[in-house]
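Undergrad: Required output: the full structure, derived from the provided sequences and hints.
Under full-length UniProt numbering, the first residue of the sequence shown is numbered 1, with each subsequent residue one higher.
If you are wondering where the hints come from, they were derived from the structure by calculation, not from laboratory data. If you're wondering where the values come from, they're calculated on a predicted model, not measured in any experiment. We put the CB at the ideal spot given by N, CA and C, even for glycine. Wrong hints could be hidden among the right ones.
Computed Cβ-Cβ distance ranges for the label pairs, DEER-style [claimed, not checked]:
#1 G213 x L78: 31 to 37 angstroms
#2 R100 x L78: 28 to 34 angstroms
#3 N84 x T116: 14 to 20 angstroms
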Amino acid sequence: MSTENTTQSAARERGADGVRLSAGDTELTVHPDHGCRIGSLRVGGTELLRQGDKYGCFPMVPWCGRIDHGRFRNGGELHQMPVNSPPHAIHGTGRNLRWRTARTDDTTAAFTYELTDPAAPWPYPGTVTQVVELAEDGGSLTLTMGVEATGDSFPAQAGWHPWFLRNLGEGQDVQIDFAPEWQEERGPDHLPTGRRITPKPGPWDDCFGMSRGVEVTLTWPGRLELTVSSRTEWVVVYDEQEAAVCVEPQSGPPNGLNTAPRLVTPIDPLEISMTWSWRAL
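TA: Structure, rendered in structure tokens:
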């Protein structure tokens with residue numbers, strides 16, 4: 001049997017329960033049929049992500065956060081996205097679709113979907129790829145996402161929305177430590193006003209800027225320290241929920257398709273990467 005056929009066979013065998021990767025004492029499960037989200041990440045037998053259909057860690061693509069009333073422009077073209085968080089559209093379409101498993105082995109998997117998938121259409125043809133890579137020692141996880149245009153150019157964003165458990169089952173709640181250079185002022189409509197302000201203390205549902213790259217540390221005292229890092233400069237932090245906290249690196253601010261568009265062209269794809277690294281305490 002060819003290597004390609006072996007890979008496809010392994011993907012089919014793992015498909016019903018998701019694609020499982022493992023290294024060292026780390027195990028994770030990706031669900032390509034459910035928005036290509038990471039449904040579980042266990043380190044030393046301890047689950048780090050909130051469980052449930054809406055949770056885990058899902059990709060936000062081809063936009064992140066909210067779009068003002070679901071509308072954005074590309075040149076003279078005005079487009080309307082489904083309003084799934086009235087009065088706005090939120091978190092892209094990729095989390096609602098079945099992705100195709102392109103390849104998988106013990107520690108790495110790659111997945112794709114077409115932007116014009118009729119289940120959640122986007123007005124421009126293109127391909128999205130997500131690569132999930134566990135380090136050989138099981139001490140870190142890297143996610144990489146790419147957005148490619150296969151026709152006309154279009155604005156796009158990409159990022160991730162993880163739901164980390166606030167408490168790992170015993171001990172103290174998680175502590176969030178980061179040093180942003182600014183905070184995007186949030187208006188009553190939950191969209192950035194365009195003003196950059198001095199970062200305020202939480203609780204947060206806010207976008208922050210870190211021009212030298214995102215670095216946020218989550219510490220469960222006496223249990224685990226996990227650092228979220230990315231070369232992008234934008235991160236949304238959400239800690240208003242009792243069960244979980246979110247640290248969301250993304251390629252632009254909420255409503256960025258309108259306020260800070262990043263054009264994807266056939267020769268200039270959008271790519272973003274994020275790494276989680278951890279150590280026991």
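Undergrad: Does each hint fit the structure? Answer for all of them.
TA: Hints versus structure:
no.	hint	result
1	G213 x L78: 31 to 37 angstroms	holds (34 angstroms)
2	R100 x L78: 28 to 34 angstroms	holds (31 angstroms)
3	N84 x T116: 14 to 20 angstroms	holds (18 angstroms)
Taken one by one, the earlier hints all hold for this structure without exception.
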